[in-house]
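K.L.:
Please work from the sequences and hints to get the whole structure.
Just so you know, the sequences run in chain order A and B.
Here the first sequence is numbered in our numbering, starting from 1 and rising by one per residue.
Here the second sequence is numbered in our numbering, starting from 210 and rising by one per residue.
For the record, the hints were derived by calculation from the structure and aren't laboratory data.
Only true hints are included.
Pulled a few chain B residues facing chain A out of the computed Cβ check, cut under 10 Å: (1) Leu499; (2) Asn501; (3) Tyr504; (4) Ala522; (5) Arg525; (6) Ser530; (7) Arg533; (8) Met537; (9) Ser597; (10) Asn601; (11) Ala605; (12) Ile607.
Computed list of lysine-lysine pairs in BS3-like fashion (alpha-carbon distance at most 27 Å, straight line): (13) B:Lys745 with A:Lys20; (14) A:Lys2 with A:Lys134; (15) A:Lys9 with B:Lys745; (16) A:Lys2 with B:Lys745; (17) A:Lys2 with A:Lys95; (18) A:Lys75 with A:Lys129; (19) A:Lys24 with B:Lys745.
From the three backbone atoms N, C-alpha and C, an ideal C-beta is built for every residue, glycine too.
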Amino acid sequence: MKIIVGIMKPDSGNIEVLGKDVVKDPTGVKGIVGFVPESPRLYEFLSGVEYLDFVADVHGLDSAAKRERITDFLKALDLEGKENELIHGYSQGMKQKLAIIAGLLHRPQILVMDEPLNSLDPRTARIVKDLIHKLRDDGVPTIFSTHVLEIADAICDRVVIMDNGRVVEEGSTGELKEKAGSPGSTLEEVFLKLTGSSDTREIVEALSR
Amino acid sequence: MSFGKAYKLAVVLTKSQLRGYQRRRLGARLFGDPRIILAADAAVFAVPALLGYGLLSRTLPIAMQNAVGQIEAESLAGMPTAMAFMLILFGILGEISQPIQSSSTDLINWLPISPGEYVAGSTMSLSYTYSFMLAFLIGATLGPAIVFNMLPTWVVAAVMTLLSLFMGACVVELLRALTNRISSSFYKRSGRSGIFVRLLLTILVLVFFQLLFSGNIIIYLLQGLMLTVRAAWFVPVVWPSLAVLSVSQGDILAISTFALLTLVFVIALFGFAVRARAVYWVPVPVSIRLTNQTYHPSTEAKNFLGLGVAESAIFRKDMRSLTRRREMARLLAIPFVLAVSLGLSLFPIRGAALPVGAGFYALIPVYVMPVAIFCAIMSMTSIGQEGSAVWNLYVAPITPRQLLKVKLVLPVLLGLAFSVAMLIFLGFVLNITLANFVILLSLSAVIVLGECALGLFFAAKFADFRDIIRSRFVSAWGSLFGTLISLILVGITASPILISIVIHGSIGNEYVVLSCAIGLIIFLVSWRLAEQQMAKLLREILV
Numbered sequence: 001m002k003i004i005v006g007i008m009k010p011d012s013g014n015i016e017v018l019g020k021d022v023v024k025d026p027t028g029v030k031g032i033v034g035f036v037p038e039s040p041r042l043y044e045f046l047s048g049v050e051y052l053d054f055v056a057d058v059h060g061l062d063s064a065a066k067r068e069r070i071t072d073f074l075k076a077l078d079l080e081g082k083e084n085e086l087i088h089g090y091s092q093g094m095k096q097k098l099a100i101i102a103g104l105l106h107r108p109q110i111l112v113m114d115e116p117l118n119s120l121d122p123r124t125a126r127i128v129k130d131l132i133h134k135l136r137d138d139g140v141p142t143i144f145s146t147h148v149l150e151i152a153d154a155i156c157d158r159v160v161i162m163d164n165g166r167v168v169e170e171g172s173t174g175e176l177k178e179k180a181g182s183p184g185s186t187l188e189e190v191f192l193k194l195t196g197s198s199d200t201r202e203i204v205e206a207l208s209r
Numbered sequence: 210m211s212f213g214k215a216y217k218l219a220v221v222l223t224k225s226q227l228r229g230y231q232r233r234r235l236g237a238r239l240f241g242d243p244r245i246i247l248a249a250d251a252a253v254f255a256v257p258a259l260l261g262y263g264l265l266s267r268t269l270p271i272a273m274q275n276a277v278g279q280i281e282a283e284s285l286a287g288m289p290t291a292m293a294f295m296l297i298l299f300g301i302l303g304e305i306s307q308p309i310q311s312s313s314t315d316l317i318n319w320l321p322i323s324p325g326e327y328v329a330g331s332t333m334s335l336s337y338t339y340s341f342m343l344a345f346l347i348g349a350t351l352g353p354a355i356v357f358n359m360l361p362t363w364v365v366a367a368v369m370t371l372l373s374l375f376m377g378a379c380v381v382e383l384l385r386a387l388t389n390r391i392s393s394s395f396y397k398r399s400g401r402s403g404i405f406v407r408l409l410l411t412i413l414v415l416v417f418f419q420l421l422f423s424g425n426i427i428i429y430l431l432q433g434l435m436l437t438v439r440a441a442w443f444v445p446v447v448w449p450s451l452a453v454l455s456v457s458q459g460d461i462l463a464i465s466t467f468a469l470l471t472l473v474f475v476i477a478l479f480g481f482a483v484r485a486r487a488v489y490w491v492p493v494p495v496s497i498r499l500t501n502q503t504y505h506p507s508t509e510a511k512n513f514l515g516l517g518v519a520e521s522a523i524f525r526k527d528m529r530s531l532t533r534r535r536e537m538a539r540l541l542a543i544p545f546v547l548a549v550s551l552g553l554s555l556f557p558i559r560g561a562a563l564p565v566g567a568g569f570y571a572l573i574p575v576y577v578m579p580v581a582i583f584c585a586i587m588s589m590t591s592i593g594q595e596g597s598a599v600w601n602l603y604v605a606p607i608t609p610r611q612l613l614k615v616k617l618v619l620p621v622l623l624g625l626a627f628s629v630a631m632l633i634f635l636g637f638v639l640n641i642t643l644a645n646f647v648i649l650l651s652l653s654a655v656i657v658l659g660e661c662a663l664g665l666f667f668a669a670k671f672a673d674f675r676d677i678i679r680s681r682f683v684s685a686w687g688s689l690f691g692t693l694i695s696l697i698l699v700g701i702t703a704s705p706i707l708i709s710i711v712i713h714g715s716i717g718n719e720y721v722v723l724s725c726a727i728g729l730i731i732f733l734v735s736w737r738l739a740e741q742q743m744a745k746l747l748r749e750i751l752v
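P.N.:
Set out below in structure tokens:
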């Protein structure tokens with residue numbers, strides 16, 4: 001994910017994001033990608049709204065667009081009334097909301113999200129899920145990583161299963177279930193089967209002793 | 210209270226202090242083991258003890274024996290009180306330097322550890338971490354004590370200094386708990402002004418610390434302490450010193466009384482610290498509201514000093530970082546600390562009644578060096594201070610040149626403001642002529658530019674993004690090389706002016722122009738190097 005966003009060098013090969021090479025034109029790529037990292041570290045000495053204002057300015061949003069986007073997002077993700085408090089005092093969920101807003105503020109053409117639903121309350125998680133679907137309908141794809149396979153099952157059109165840094169299988173959830181030979185099972189069962197780690201009973205037995 | 214748990218906690222806290230600084234595996238293995246402190250203690254005890262004894266027992270002229278004996282007696286009596294004060298000051302400095310992130314990730318708050326166990330563990334860890342000061346004090350006084358037959362006084366002084374070490378550690382724990390509650394309540398109510406007051410207080414503490422450790426003041430305090438210590442018998446912090454003073458009079462009752470009182474006071478302080486921790490500690494970070502106004506997009510800084518919108522946004526962020534983060538207050542305090550040092554060093558110049566011209570020439574290095582040091586430190590720390598939040602800059606669509614430009618502007622502005630303020634002050638004190646004022650201003654302007662650009666090269670090359678207590682924001686080697694090369698380049702820049710003074714006894718205009726030209730060349734070369742280094746840094750995220 002860090003290579004796609006242009007903050008890590010690939011060992012080999014190259015990646016183009018909507019026609020822009022991430023190594024040759026990292027600044028151009030960063031302008032069209034929205035990134036939400038896992039456990040985002042924010043500037044804790046800024047207030048929530050100061051942080052979003054900073055991100056919007058760095059992406060070159062004009063005043064009117066800034067005001068509209070920031071106000072709308074703060075309201076939608078329940079941060080209204082808290083925006084003038086220093087981020088230092090925010091809960092992990094509130095920081096995650098800010099990071100998600102920061103990733104979406106500049107209307108990215110592609111979204112890269114690393115475990116974005118971590119620490120979110122059910123309402124916000126639902127909003128983010130629906131937003132991802134809406135963005136997909138508007139032509140903005142999302143690359144999304146998660147260890148919670150129910151979430152992948154509910155959100156993703158296409159799933160890539162990785163184990164130890166290698167791609168094990170990819171396809172739609174239906175295709176993956178078929179490939180695993182268990183069409184009626186959950187994505188979690190498919191994952192465990194495909195990665196050869198399905199026998200968890202012994203471990204549970206040992207732990208509960 | 211479980212002493213085993215308190216001991217385990219002390220070991221963990223000491224390790225976290227030691228290992229926070231170690232980036233490499235070898236460094237962590239060598240210096241991350243708490244036993245390294247014992248080794249350091251042994252060294253700082255043995256070396257001054259052997260040196261002191263060796264020197265004084267063989268080479269001390271008879272005429273000096275009385276004076277040295279008097280100093281030894283004063284040192285032994287002042288040692289316990291000095292120990293307590295030093296530990297309190299170091300403790301306060303540690304609190305000030307703590308990054309904002311660490312207070313919200315304090316796992317200790319959620320573990321089943323009682324306030325008593327925490328305070329005991331933390332006190333042990335603090336005392337052990339700073340035990341090198343105790344080792345040095347008792348080591349440095351042992352040699353003279355043997356030579357002047359003051360061994361019994363030394364033994365009592367050593368025990369009292371050890372008790373004072375614990376006394377200081379307990380006071381720090383007490384202060385931690387109290388300031389935690391006071392600052393939490395204060396910030397909650399006062400918001401932005403609370404942050405400003407904290408900044409001001411931090412700077413005052415640092416300036417006070419600087420004052421206390423200047424040679425003149427230490428001598429003055431030691432002499433004052435000896436004169437007033439008996440009169441201040443009711444002040445608990447001087448009880449250990451009174452116990453030591455009583456040894457020379459052979460007053461066993463007074464020794465026992467003051468030693469016992471000291472012990473009781475340390476135990477009472479520990480009790481107060483435990484109580485304060487239990488009652489006042491606020492483990493959850495407090496929410497600070499800056500304003501109640503509705504959001505207005507920032508537009509005012511657009512094109513400020515040639516900065517674009519994105520660069521202005523980073524500039525505003527850095528300004529807020531400087532004034533709101535308590536670990537940044539150290540940097541803001543530098544000009545004040547340097548100005549105080551400069552003020553103290555000016556007294557001999559005035560006292561010697563040098564002519565205006567001679568005073569001015571002596572002033573050049575005294576004026577130029579603080580400006581250079583301030584600029585070098587400000588720019589060397591400008592990248593690493595982003596901490597783990599630096600990913601925000603990595604994912605932003607900004608070029609290395611844009612980032613370098615904005616990171617240059619803030620230290621240059623602060624450096625120029627500092628140099629102008631110092632010049633105005635010195636102009637009044639030393640009656641500097643207008644021509645000399647302009648010479649110094651031109652010299653400082655090119656030095657500010659050169660030092661800031663050079664500092665940025667080291668900032669990008671040796672950035673330290675770890676959010677640790679007393680973070681330097683730049684690696685130890687980077688800091689060392691950076692400061693050294695900065696000072697050498699300042700010397701090279703100022704050398705034509707100094708040569709002119711040596712050869713002609715005055716400053717020729719052509720020499721000023723030459724100095725400025727050298728300064729500008731250093732700036733341009735440093736800028737180019739910094740640009741390359743910044744591009745390299747932004748190629749791959751380090752955290």
